[in-house]
Every structure is written in structure tokens, then in C-alpha cells.
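**Student:** Residue strings, one per chain:
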Amino acid sequence: MDAEAAKLLGAGLAAIGCGLASIGVGSVFAKFLEGALRNPGAADAQQGRLFIGFAGAELLGLLSFVVAALLIFA
Amino acid sequence: MHQFSIQPLFGSEGWSIAGYNIAFTNSTLWMAIAAVTLAFFVAGGMKRQLVPGRWQMAVESFTGFIDGMLAANVGPGGKKYVPYIFSLFMFILFANFLGLLPLGVIGLHAFTFTSHFSATGVLAVLSFAIVLIVGFAKHKLHFFSLFVPHGTPVIMIPLIFCVELISFLVRPFSLGLRLFVAMMAGHVLLEVLSSFVISSGNAGIGLFAIAGLPSFILMVGICALELLVAGIQAYVFALLTCVYLNDAENLH
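Line order of the protein sequences matches chains L and R.
All residue numbers for the first sequence refer to the numbering used here, where the first residue is 1 and numbers rise by one.
All residue numbers for the second sequence refer to the numbering used here, where the first residue is 75 and numbers rise by one.
It is worth saying that the hints were derived from the structure and are not from the lab.
It cannot be assumed that every hint is accurate.
Residues on chain R that point at chain L, a partial pick, calculated with CB under 8 Å [unchecked claim]:
{"#": "1", "residue": "133"}
{"#": "2", "residue": "147"}
{"#": "3", "residue": "149"}
{"#": "4", "residue": "259"}
{"#": "5", "residue": "263"}
{"#": "6", "residue": "313"}
{"#": "7", "residue": "314"}
Stretch by stretch, here's where chain L covers chain R in the computed footprint (C-beta under 8 Å, at least three residues) [said to hold, decoys possible]:
{"#": "8", "segment": "89-97"}
{"#": "9", "segment": "241-253"}
What you are looking at is a predicted structure, and each value in this text was computed from that prediction instead of being measured.
Backbone N, C-alpha and C define an ideal beta-carbon position, used for all residues, glycine too.
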């Protein structure tokens, strides 16, 4: 396998990371909703933390996109 | 891809200061448009009427939103950061939305400058610099206690210090990277889907019905998602800046 093909395969494998991050983002919102429905009174105050968790989960998925882009273009 | 290429406009490619090119590019143009639109939007709401009209209400709900965010995350000491966080949030929000405008319909090309790391990186470094300046000005060298949380066992201190230091230093990168990648990925996705529509349309009516039409419907949905992402990313950027400012303002 030459280097170019290996790079493209690696970029494709990096896309798995995007899928895994989507599980993470889904679980962040799912758990929030679960808690919010149990105690709607406390839900609004926790929205900031929800988005901090979302940002963390999303960033790690976006990093896999960056890895893929670096493999293809750099 | 053409939509991300930066070109000098109005014959300004030769402009330079001390050997650095300072050409007026399309990125600069859209930053200026975002700033002017924002100034226009805010100026329209500065009437200070007792019973606010629609416009004043729109501006005041944004300032109230930022005010509430700082009060919740930083506390009473966060009041003085409202102008910075408000400008940051609104600038990014306007930039993201202006970049999504369907101006291609009338032959213009919208440019999302938040899809470039050089633009978002500077915004992130600005936030990080404010955190450092506030932290060191307010707590002097005591600011370093940020890296050793309260109640850490003595044996763990070297390890925790390294981990906290790395997580602190990586903040400007993660802040800038998140916005840039989210905006770029969304625009690339739209471009890929639109290329499906165009090439399947060129290939004949049958292929268009199978591949082009579903992609087009998906594109409309993704456009709505992109509007959501544009708002969320501006919000997350402002929120994380608030969280980091809280570290600087109150330590742990």
C-alpha cells in the first residue's frame, strides 16, 4: 500500500470518531432531558452546564474531523 | 474549495506594512459588514424608552441574556465583562448568520470568516489574554493555585499540576478550533450535498429523482441545522469565555 492510499484510509477511519462523538452528544442531551423531566424546576438553571458538556463532547468529535482534514490536505 | 479562498479585493494585493501584506480581503470585508450590521442593530435599540418597541426589545433581550449568563457563571463580579462578552457573542453570531445568507441567488458570494482558524484563533487568544490579565492582576502569583485544586493529596500534586496546566493551556486552541471546525464542516457538508444535486441533475432525470431530490430535501434540513449550529457555537464560545473568566475572577 502506498503512502497516499494509507492516508486516505486513515482519514476514513478518523470519521469513526465523528460517529462516536455523535453518541456522546446524544447522551449529553438525553441525560439532561431525563433529569429535566424528573425535576423540571431545576432544569433551567442547569442549561449552562448542559452546553459545557455538549461543547466538550462535540470538540472531541471535531478533532477527528481535523485529523481527517490534516491527513487528506497536509 | 472556492468558498473558503481568501482573495484581495479592490486592487489591494500590494498593500503592506513593514513587509507584511495587509490587503483588504473578502474576509476583511465580511468582518466589516458584520461589525457595521451589529453597530446598526445595537444603535437601533438605544432609544431607552420606558415602554420598549420591538427593536429595543430585541437588543435588550440580547443584553439581558448575556447579563444573566455572566451573573450565573461568574457572579456579581461578572458585571464588568458584559460589554466584552456581548460584543464577542454578537460578532460571532452575526458572522455565522451572514455567512449563511443565500446571497448566491443574486450573484454575490457570502464569506464566513469564522470558518478560518486565523480569525477564530485571534478571538480565542483575546479571551485567553483577558483571563490571564485579570487573573494575574487580581490574584498576583496566587493565580497559580488554579492548577492545584483544594484538598489535593500531597503525592498527587505534581501529577494534578501537570494535568491542570495542560488543560489550561489548551483552552485557546479548543475555543478557536471548535468554532472554526463547526462552521467549516457545515459549509463543506452543504457544498457536498449541493454537488450531488447538480451532478445528478446533469446526469438525467432518472438519476435526479433517485439521488438529487433526496439530497436537496436533506440540504434544506441541514440548512436549518446550520442555523441552529451558528447560534449554538456563538453561545458556546461566549459561555466558555464566561467559565474561564470565572476561574480568573474567583479562582476555584
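**Student:** Decide, hint by hint, whether the structure agrees.
**Tutor:** Results for each hint:
{"no.": "1", "hint": "133", "result": "violated, 22 Å"}
{"no.": "2", "hint": "147", "result": "holds, 6 Å"}
{"no.": "3", "hint": "149", "result": "violated, 13 Å"}
{"no.": "4", "hint": "259", "result": "holds, 6 Å"}
{"no.": "5", "hint": "263", "result": "violated, 11 Å"}
{"no.": "6", "hint": "313", "result": "holds, 6 Å"}
{"no.": "7", "hint": "314", "result": "holds, 6 Å"}
{"no.": "8", "hint": "89-97", "result": "violated (count 0)"}
{"no.": "9", "hint": "241-253", "result": "holds (count 3)"}
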